[in-house]
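Starting from the known structure of chain F, arrange chain L on it as the hints suggest.
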Amino acid sequence: MKAAVLVFPGSNCDRDLAVAFRAAGFQVDMVWHKDQDLPAGTDIVGIPGGFSFGDYLRCGAIAARSPIVSALKRHVEKGGYAIGICNGFQVLLETGLLPGALMRNAGLRFMCRSVPLEIATTASDFTNGYDQGAVISLPVAHHDGNYQATDDIRRALQGEDRIALRYQSDVNGSVDRIAGILSENRRVLGLMPHPERAADEKLGLTDGQAMFTSLAASVVDA
Amino acid sequence: MQDPEITDELIAAHGFTPDEYAEVLRILNRDPNFTELGIFSAMWNEHCSYKSSKKWLRTLPTDGPQVICGPGENAGIVDIGDGQAVVFKMESHNHPSYIEPYQGAATGVGGILRDVFTMGARPIAAMNSLSFGEVSHKKTKRLVSGVVEGIGGYGNAFGVPTIGGEVRFHPAFNGNCLVNAFAAGLADADKIFYSAASGVGMPVVYLGAKTGRDGVGGATMASAEFDDTIEEKRPTVQVGDPFTEKRLLEACLELMQTGAVISIQDMGAAGLTCSAVEMGDKGGLGVQLNLDLVPQREDAMTAYEMMLSESQERMLMVLDPSREAEAKAIFDKWDLDFAIVGETLAEDRFLVLHGDEVKADLPLSKLSSTAPEYDRPWEATPAAAALADAPDIDSIEGLRALIGSPNYARKHWVWEQYDAQVMADTLRTPGLGAGIVRVHGTDKMLAFTSDVTPRYVRANPVEGGKQAVAEAYRNITACGAKPLATTDNLNFGNPEKPRIMGQLVGAIKGIGEACAALDTPIVSGNVSLYNETDGQPILPTPTIGAVGLIADPEDLIAGLPEDGDWALLIGETTGHLGQSALLCEAFGREEGDAPAVDLAVERRNGDFIRQNSALIRAATDLSDGGLALAAFEMADAAGLGVALDETDTARLFGEDQARYLVACSFDQAEALMSAAAQAGVTIAQVGRFGGDAVSLGATSVPLADLSALYRSSFEAALT
Chain F
1 MKAAVLVFPG
11 SNCDRDLAVA
21 FRAAGFQVDM
31 VWHKDQDLPA
41 GTDIVGIPGG
51 FSFGDYLRCG
61 AIAARSPIVS
71 ALKRHVEKGG
81 YAIGICNGFQ
91 VLLETGLLPG
101 ALMRNAGLRF
111 MCRSVPLEIA
121 TTASDFTNGY
131 DQGAVISLPV
141 AHHDGNYQAT
151 DDIRRALQGE
161 DRIALRYQSD
171 VNGSVDRIAG
181 ILSENRRVLG
191 LMPHPERAAD
201 EKLGLTDGQA
211 MFTSLAASVV
221 DA
Chain L
1 MQDPEITDEL
11 IAAHGFTPDE
21 YAEVLRILNR
31 DPNFTELGIF
41 SAMWNEHCSY
51 KSSKKWLRTL
61 PTDGPQVICG
71 PGENAGIVDI
81 GDGQAVVFKM
91 ESHNHPSYIE
101 PYQGAATGVG
111 GILRDVFTMG
121 ARPIAAMNSL
131 SFGEVSHKKT
141 KRLVSGVVEG
151 IGGYGNAFGV
161 PTIGGEVRFH
171 PAFNGNCLVN
181 AFAAGLADAD
191 KIFYSAASGV
201 GMPVVYLGAK
211 TGRDGVGGAT
221 MASAEFDDTI
231 EEKRPTVQVG
241 DPFTEKRLLE
251 ACLELMQTGA
261 VISIQDMGAA
271 GLTCSAVEMG
281 DKGGLGVQLN
291 LDLVPQREDA
301 MTAYEMMLSE
311 SQERMLMVLD
321 PSREAEAKAI
331 FDKWDLDFAI
341 VGETLAEDRF
351 LVLHGDEVKA
361 DLPLSKLSST
371 APEYDRPWEA
381 TPAAAALADA
391 PDIDSIEGLR
401 ALIGSPNYAR
411 KHWVWEQYDA
421 QVMADTLRTP
431 GLGAGIVRVH
441 GTDKMLAFTS
451 DVTPRYVRAN
461 PVEGGKQAVA
471 EAYRNITACG
481 AKPLATTDNL
491 NFGNPEKPRI
501 MGQLVGAIKG
511 IGEACAALDT
521 PIVSGNVSLY
531 NETDGQPILP
541 TPTIGAVGLI
551 ADPEDLIAGL
561 PEDGDWALLI
571 GETTGHLGQS
581 ALLCEAFGRE
591 EGDAPAVDLA
601 VERRNGDFIR
611 QNSALIRAAT
621 DLSDGGLALA
631 AFEMADAAGL
641 GVALDETDTA
651 RLFGEDQARY
661 LVACSFDQAE
671 ALMSAAAQAG
681 VTIAQVGRFG
691 GDAVSLGATS
701 VPLADLSALY
711 RSSFEAALT
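Those protein sequences? They're chains F and L, same order as listed.
Letter 132 of the first sequence, counting from 1, is numbered 132 in the numbering used here, and no numbers are missing.
Letter 218 of the second sequence, counting from 1, is numbered 218 in the numbering used here, and no numbers are missing.
So that you can see chain F by itself, here it is in the shape it has in the complex:
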């Protein structure tokens, strides 16, 4: 059971994500952005939060053109799992692995707080450890988390049950209160909230834990 956490210059939640993966039983490799390949046997790729390449040009835009991202795309095409959190979600959108875009928060300010979220679908290996409609609390910390998409994409996400998480009330202006979405094959999740910051009993924050443990269970079963 192997996870690979990508490290771009400016990533700053890479260690946090590795800790959460390990706690769920994964063996974790940190993979540098200039690498051409993922370690053999990688089950899931984690794209961490942070400010890859300083958020210069557009959040995630430069990272999406890194050598390692070609390997990520091959991994996903073969049906591999990937999770992109915060800046990692931005990277997934810039690579085209997930549809839509993240714009500046409606309030135009950086925002760090815990927010209530609804589990909008349990039909994924990331969310099947939760109850449908369950409300969980996860920290958000972003300046550009305002999810926007064309009507076609919104209809597809809705119709194909690919909205994984919704803010319970408006947080950053995201359309349909979308906080996280799944790929067509439901094996790629991008989300703005930070489940890796809420996966530790000792911090008193555990609502993100099930995302890693259910994934681990799925990988073992597969």
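Worth flagging that the hints you see were computed from the coordinates, not collected in a lab.
Built from N, CA and C at the ideal position, the CB exists for glycine as well.
Not one of these hints is a red herring.
Now the stretches of chain F that chain L is said to cover, found in silico as 3 or more residues with beta-carbon under 8 Å:
#1 10-16
#2 51-57
#3 186-198
Simulated restraints, written as ranges between beta carbons of each label pair:
#4 Ser70(F) to Asp705(L): 54 to 62 Å
#5 Pro553(L) to Asn185(F): 37 to 45 Å
#6 Leu203(F) to Asp332(L): 31 to 39 Å
#7 Leu293(L) to Arg74(F): 38 to 46 Å
#8 Ser198(L) to Ser70(F): 40 to 48 Å
#9 Glu397(L) to Val175(F): 43 to 51 Å
#10 Asp3(L) to Gly96(F): 51 to 59 Å
#11 Arg74(F) to Glu254(L): 27 to 35 Å
#12 Leu57(F) to Leu293(L): 27 to 35 Å
#13 Ala123(F) to Gln685(L): 51 to 59 Å
#14 Asn185(F) to Leu293(L): 51 to 59 Å
#15 Ala123(F) to Asp692(L): 36 to 44 Å
#16 Pro553(L) to Val175(F): 40 to 48 Å
Pairs of lysine-lysine residues, derived as BS3-like cross-links and limited to a Cα-Cα distance of at most 25 Å, are as follows:
#17 Lys328(L) to Lys34(F)
#18 Lys509(L) to Lys482(L)
#19 Lys34(F) to Lys333(L)
#20 Lys73(F) to Lys2(F)
#21 Lys34(F) to Lys2(F)
#22 Lys497(L) to Lys55(L)
#23 Lys509(L) to Lys54(L)
#24 Lys333(L) to Lys191(L)
#25 Lys73(F) to Lys34(F)
#26 Lys328(L) to Lys191(L)
#27 Lys55(L) to Lys366(L)
#28 Lys482(L) to Lys202(F)
#29 Lys282(L) to Lys54(L)
#30 Lys73(F) to Lys333(L)
#31 Lys366(L) to Lys54(L)
#32 Lys34(F) to Lys210(L)
#33 Lys202(F) to Lys444(L)
Quick look at chain L alone, frame taken from chain F:
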């Protein structure tokens, strides 16, 4: 380019007094050239030399069994057991932030983070103590939004949790805001890096970002009063790039792991000049720099500009020459500049080459070790008259006056712009007492706070200085932590005025007494003087940053009151309203003396809290706003009402020191009261938590009403 001729005007413009310039001539036995004049000015200004404060700073207690490294290095270092150390410092970026708030504050954060990781520590927590002018002043809103955005913009991208701080408003800061940035990092106690160079002929390596013209003369600017030419000073503010800083952090820590680093110094104020001189001076060596080899961002820079540039995100290092290729590979990996720009010399010499010319040839040790030092005349602040008439006010109205003021309103508008949880070790985010982070990979925790009450310091510098330390001690104590050590950021007006100098002398005396009595030595710090505009000084603001350790997680006190809990007040209440928040906010009066601080009682009450942490569900220190505000803040945090029996305004809002409000179950309360009786600690039940109303004596209002005011008044005032 032809260097300008050294004229009297040029000498004065570099901040030299005639006596100081005469000393330069005596040292050199000749006239300095333009570059040399710039180097002397950078080393001898107040900001770098501490020439007005050094005599008094020496009186501070800086030692203790827990201290690994006291003042004088980039940051102070304290032992936290298990071979680990916490490395921390607080530093001001006041003048730049007033001129250009976003970049001024951002580079203040960048500078303090660099101070910490230069020593081999990974930054794990940041805080900021901010002082602004009155909200109605035309500049205040722009300053607040720019400074807060700048702090967030830098710290968030760098990836350090910002877990605490203060924000205050007072008309005395209308012309000079204060931005005091604190950072703490974690290091292995046996892998700490210092700035002293060693070995002759060792390569001096330049790391990080390229050098540009930004910030030329910044340290000299920070050592002068402001006047109406302030707009012309904008080009002296540096521009920060947290992305480069983050890469510099990772590259430096990676390089330090290899053992190739002999010594390292970040380039802060006066950039190349200060860092090269410090490394040489501390190592008893000379340094030669060849400026042709310095990575440059702009064309045709002169030696003067390069030596005084304050471009950010740069480091200077003395490298083990056999490890050059290895070191360069690490910096190449992170796409950062790495250039050998000079070498260490056996003789006492600072030699700067540029083109084919010698641009400076100075006795290195004379630049820092023998920088001028003054015993400036000072006048003790006259004793404040006791408050003549204590006002009366309906208790709830008094509370509304406090929580409706941006000074005491809940400040989530500020702290939610800071990432408080990156690194996934944050146990308590800003808002209620000290911020707490876990020491990664262990169950130990570190608590951080920054405190000062400038009103007190103005009225009574000695007691005010003591109080700043005592409040920091209490905030650390209230979460169950043991205070380990402190850092001080002394912000004052023009020290050439005896009255201002008297404030500085008095405050240092008070701080020293308190740090000695409470066993919290000062291990690092910074002095910011000349905070005056058109002759109007700021309130004297000696900010104290404190660090505490929770070695056993069982000792942590981080709960919230529960329904039915008793509210117990620890410490003696006399109802001291002089210089109180109530007097200031509800009546617009800043009168009377500061509350006296009994350090023995502080110590006894603090020890009592720590010894009985198992009996305490929630605790907070009492400071501004006294019992009434502390009880309300606890109630608001818990979403639970509170009823205090007290009816007397002075006893509700008085700011007597050495006090805590704690919440306990009935059984715990009984045990705590009997423990207090045995320990000789004053304790009293003052009320109960529960319900959904706040009752102060006979008056009662819904908690929801007060919370709505408390949670909206900051944003309402500032946006």
